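Trainee: Below, each chain spelled out in residue letters.
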Amino acid sequence: MARLKFLSDLYMEEATKRTRANPEYQEASEGFDDTLSFIVEPEPDKGVTERITVGTVLPQASEYWLDDRPVTFTFIAPYSVYVDIMTGKLDAVRAITKGSLKLKGPMPKILRYVKGTNLWIDTLRTIPTEFEGDFAERSFG
Amino acid sequence: MARMTGGEVVVRCLLKEGVKYVFGVPGAQLLPLTDAICKNRDRGIDFIHNRHEQASAHMADAWARVTGQPGVCTGTVGPGATDLVPGVAAAYVESVPMIVLTAQTQSWRSYPSHGSTQECDQLALFSGITKWNASVNSWDRIGELVRQAFRMALSGRPGPVHLDLPADILFQTGELEEDAFPEPYQYRAIEGPAGNPALVEKAVELLLSARDPLIHAGGGVLRSGAWNELRDLAEHLGTPVTPTVGARGVLPDDHPLVFKPSGYGAIGAQCEADVVLAIGTRFGELDGWGNPPFWGEKGTQRFIQVDCAPEMIGVNAPLEIGIAGDARTVLRQIMDLVKKTAPARKAGRLATECRATEQAWRSEFEDLGRSDTEPIHPLRLVKEARDFFPRDSMICVDGGNIAVWATYLMDVYEPRTFLWAGDMGHLGAGLPYALAARLACPEKQVFIIHGDGSFLFMNQELETARRHGLQVIDIIANDQAYGMIKQGQLAACGGRVIGVDFYDTRCDKMAESMGCYGERIEKPGQIRPALQRAVDSGLPAVLDVLVDKEAALNPPDFATIVDLWLQGCELG
Ligand SMILES: Cc1ncc(C[n+]2csc(CCOP(=O)(O)OP(=O)(O)O)c2C)c(N)n1
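First to last, the sequence lines map onto chains E and Y. Going by our numbering, the first sequence opens with residue 0, and the numbers climb by one from there. Going by our numbering, the second sequence opens with residue 54, and the numbers climb by one from there.
It cannot be assumed that every hint is accurate.
Only part of the chain Y face toward chain E is listed, based on derived beta-carbon distances under 7 Å [claimed, not checked]:
| id | residue |
| --- | --- |
| 1 | Gly321 |
| 2 | Glu325 |
| 3 | Pro346 |
| 4 | Cys407 |
| 5 | Gly568 |
Computed beta-carbon distance windows for the label pairs [as the list claims (entries may be wrong)]:
| id | chain 1 | residue 1 | chain 2 | residue 2 | range |
| --- | --- | --- | --- | --- | --- |
| 6 | Y | Pro396 | E | Arg137 | 41 to 51 Å |
| 7 | Y | Leu624 | E | Thr48 | 44 to 54 Å |
| 8 | E | Gly98 | Y | His308 | 46 to 56 Å |
| 9 | E | Asp121 | Y | Pro132 | 36 to 46 Å |
| 10 | Y | Leu624 | E | Lys4 | 55 to 65 Å |
| 11 | Y | Cys546 | E | Asp121 | 52 to 62 Å |
| 12 | Y | Ala397 | E | Lys45 | 55 to 65 Å |
Straight-line Cα separation of at most 27 Å, DSS-like style, residue types lysine-lysine; simulated pairs [said to hold, decoys possible]:
| id | chain 1 | residue 1 | chain 2 | residue 2 |
| --- | --- | --- | --- | --- |
| 13 | Y | Lys69 | Y | Lys255 |
| 14 | E | Lys108 | E | Lys4 |
| 15 | E | Lys16 | E | Lys97 |
| 16 | E | Lys114 | E | Lys88 |
| 17 | Y | Lys602 | E | Lys101 |
| 18 | E | Lys114 | E | Lys45 |
| 19 | E | Lys88 | Y | Lys602 |
| 20 | Y | Lys399 | E | Lys108 |
| 21 | E | Lys114 | Y | Lys602 |
| 22 | Y | Lys351 | E | Lys108 |
| 23 | E | Lys97 | Y | Lys351 |
| 24 | Y | Lys351 | E | Lys103 |
Bear in mind the hints are in silico, worked out from the structure with no lab data behind them. A quick note: this is a predicted structure, and the numbers were derived from the prediction, not measured. Ideal placement from N, C-alpha and C gives every residue a C-beta, glycine not left out.
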């Protein structure tokens, strides 16, 4: 499979398919049933000029969207932080505790699903992914 | 009218304060003090001598943590005084009241010294790690200054204080009447101060109008003995309670409203609460400074802080209301008002939701605690120890990674039963802490969860244990390394390590050589029977448990801890 541009329409479509098809993740996230947005801040000096927003419903992944919508959980970080997480250099929980990945939303709930969240990230890591700008060389798959 | 040495005057003052033990190592300049203790043994005071003064200071520290009374330690001029320093510093950072007595060279040749052997500017040495210190430069002022020392150690934010006692003053004799030794209530406050009633009223209004209130309890609650008041308030309002690391045990870990420090239940509650009543805590580093991600976004959360030291009010987190006052007194004031205006409530939504979060977080550790793998997983060891000892046992923790592993499953059920020099992180405190705990509570079982590195800092105190017949069970998670630092090096130094690996030391044999019980353990199934044999031996005991070196390196929160400690440092 060709690499898909990180968080593009095609990427989200593939992510949706793989999320639905991962029974281990589905089991760990049972009962989560909530909406999330991922906001990626641009880093123009590293060749990432656009702000990106994507959203979805988990664990169902029944739909996804590429614009700002009201959601329960919002994750915000610069592009480089997402690259570090997707390439396994940074653990998502650690990114939050370090303050490099900001999270808005009810913490007791999301903390209940840390295992599921990590499994979801593992699922996304199976998608051949192409990064932008200076991060292109860290593309994988 | 009785004639007495300066040393006897000191001891008579200590007796008035109910001091039972002075911990130390003797020395020539200390002779009048140790002799006065010897002569007054029948009045209920005794000298516990250690193999190193650091252990004496740690024992005084633990005595205070367990009994609520200041611990007293002593060292002779120069080396004795300098050896006390680490133990005093560990107590200072956790606001533990302590009286540190050092001998000094004669008053006519110290300050400034001009060539005496063992000379040392001990006032300067202790000034940064005590609340107050003074040189007792006249026999006539001994009583006054010892009383001032207790007054200072116990008032405001408690802490260690230091008296420097020149040898000539200690040896000098003079006459004193019986009434030269007043009762403590005659020279210092016995109850902590109340909070400003108008501010207490505002705090109660805020608490009662909150959507999701939370009580964050710090070491100040333990120091002031306010756990019953804390429980009453939390249960009346159905409010979750998050004890700080230094306040573990203030309410039982299995109380439905309690969430362990750094557990996901606690973090969830801390982030979600709209009003936080913080008592006896300054929101230090282990509390994430009162900032996200361990607390709510700025502007979404209102803090009420109660602290006995006005200078600690608002020091880290911006406040809605700051109340200077003793934890117990202010909690009573709050409770009186709450009971008048609000009927008892059931546990709120926040407590229920965070309980589910806590359980999800903990389940992974429970699984590891049941692990049968060989070598032994550190959590299996922690769980075996917790399950074996009674609920009211005294628990001491000392080490790097093993101390982190212990936080997950080492539940604490009673106030003042958990001893860990967490703020200073001073390796070696564990065994002296345990000995003092056993002295203070001879009816309770005492055990230590130890790293091998930290055990090897103060292992000689097993001799002290044996000599005094103090049974403590020292459980060593032996990974033959300074595991925490090794892992830090592996992560941050490109896989290179230096200065972290040990020779395979038989800690059990060391124990045997000092007349204690020792066993080495290599399989998980051996742990429980060995614990039983250790207790049955009636001796101080060391269980030298070989743990899985790889697993031991990686407690799940290791990276977060390193991030906190090295925040702002440029890491590769
Ligand atoms: C007196 C002192 N010196 C150095 C340190 C730095 N330090 C922190 S953790 C650690 C390693 C502790 O090793 P061990 O007790 O064996 O526990 P482990 O990490 O292996 O579980 C060291 C050296 C310290 N905290 N205290």
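Trainee: With reference to the structure, classify each hint as holding or not holding.
Mentor: Against the structure, the hints:
Hint status for Gly321/Y relative to chain E: holds, with the closest Cβ pair at about 3 Å, below 7 Å. The interface hint given for Glu325/Y holds, since its Cβ lies 6 Å from the closest Cβ of chain E, which is under the 7 Å cut-off. Annotation: Pro346/Y was flagged as interfacial toward chain E, and the flag holds, the nearest CB pair being 5 Å apart, inside 7 Å. Interface hint status for Cys407/Y: upheld, as the beta-carbon distance to the closest one in chain E is roughly 5 Å, under 7 Å.
With a cut of 7 Å, the hint placing Gly568/Y at the interface with chain E is violated, because the nearest CB-to-CB distance is about 47 Å. The supplied range of 41 to 51 Å is broken by Pro396/Y and Arg137/E, whose beta-carbon atoms lie about 59 Å from each other. Between Leu624/Y and Thr48/E the Cβ separation comes to about 28 Å, which falls outside the hinted range of 44 to 54 Å. The given range of 46 to 56 Å is broken by Gly98/E and His308/Y, whose C-beta atoms sit roughly 31 Å from each other.
Look at Asp121/E against Pro132/Y: about 57 Å separates their beta carbons, and that is not inside 36 to 46 Å. Distance hint for Leu624/Y and Lys4/E: a CB-CB separation of about 30 Å, inconsistent with the stated range 55 to 65 Å. Between Cys546/Y and Asp121/E the beta carbon distance is about 28 Å. The supplied range of 52 to 62 Å is therefore violated. Between Ala397/Y and Lys45/E the C-beta distance comes to about 57 Å, which sits within the given range of 55 to 65 Å.
At most 27 Å may separate the alpha-carbon atoms for a hinted pair to count; Lys69/Y and Lys255/Y exceed this at roughly 41 Å. Annotation: proposed proximity of Lys108/E to Lys4/E is violated, straight-line Cα distance about 30 Å (limit 27 Å). Between Lys16/E and Lys97/E, the direct Cα distance comes to roughly 31 Å. Violation of the 27 Å bound is thereby established for this hinted pair. Using a Cα cut-off of 27 Å, the hinted pair Lys114/E and Lys88/E holds, with the two alpha carbons roughly 18 Å apart.
Of the pairs offered as hints, the one joining Lys602/Y and Lys101/E is violated, with about 34 Å between alpha carbons and a cut-off of 27 Å exceeded. Between Lys114/E and Lys45/E the alpha-carbon distance is near 32 Å, which puts this suggested pair outside the 27 Å criterion. Simply put, Lys88/E and Lys602/Y have alpha-carbon atoms about 23 Å apart, close enough for the 27 Å limit, and the pair holds. Note on Lys399/Y and Lys108/E: the hinted pairing holds, with a Cα-Cα distance of about 21 Å set against a maximum of 27 Å.
Proposed proximity of Lys114/E and Lys602/Y is supported: the alpha carbons are some 25 Å apart, at most 27 Å. The straight-line distance between the Cα atoms of Lys351/Y and Lys108/E is roughly 20 Å, inside the 27 Å bound, and the hint therefore holds. The hinted pair formed by Lys97/E and Lys351/Y meets the criterion: a straight-line CA distance of about 16 Å does not exceed 27 Å. The suggested pairing of Lys351/Y with Lys103/E holds, with an alpha-carbon distance near 12 Å, which does not exceed 27 Å.
Violated hints, listed in ascending order, are 5, 6, 7, 8, 9, 10, 11, 13, 14, 15, 17 and 18; each of the other numbered hints is respected by the structure.
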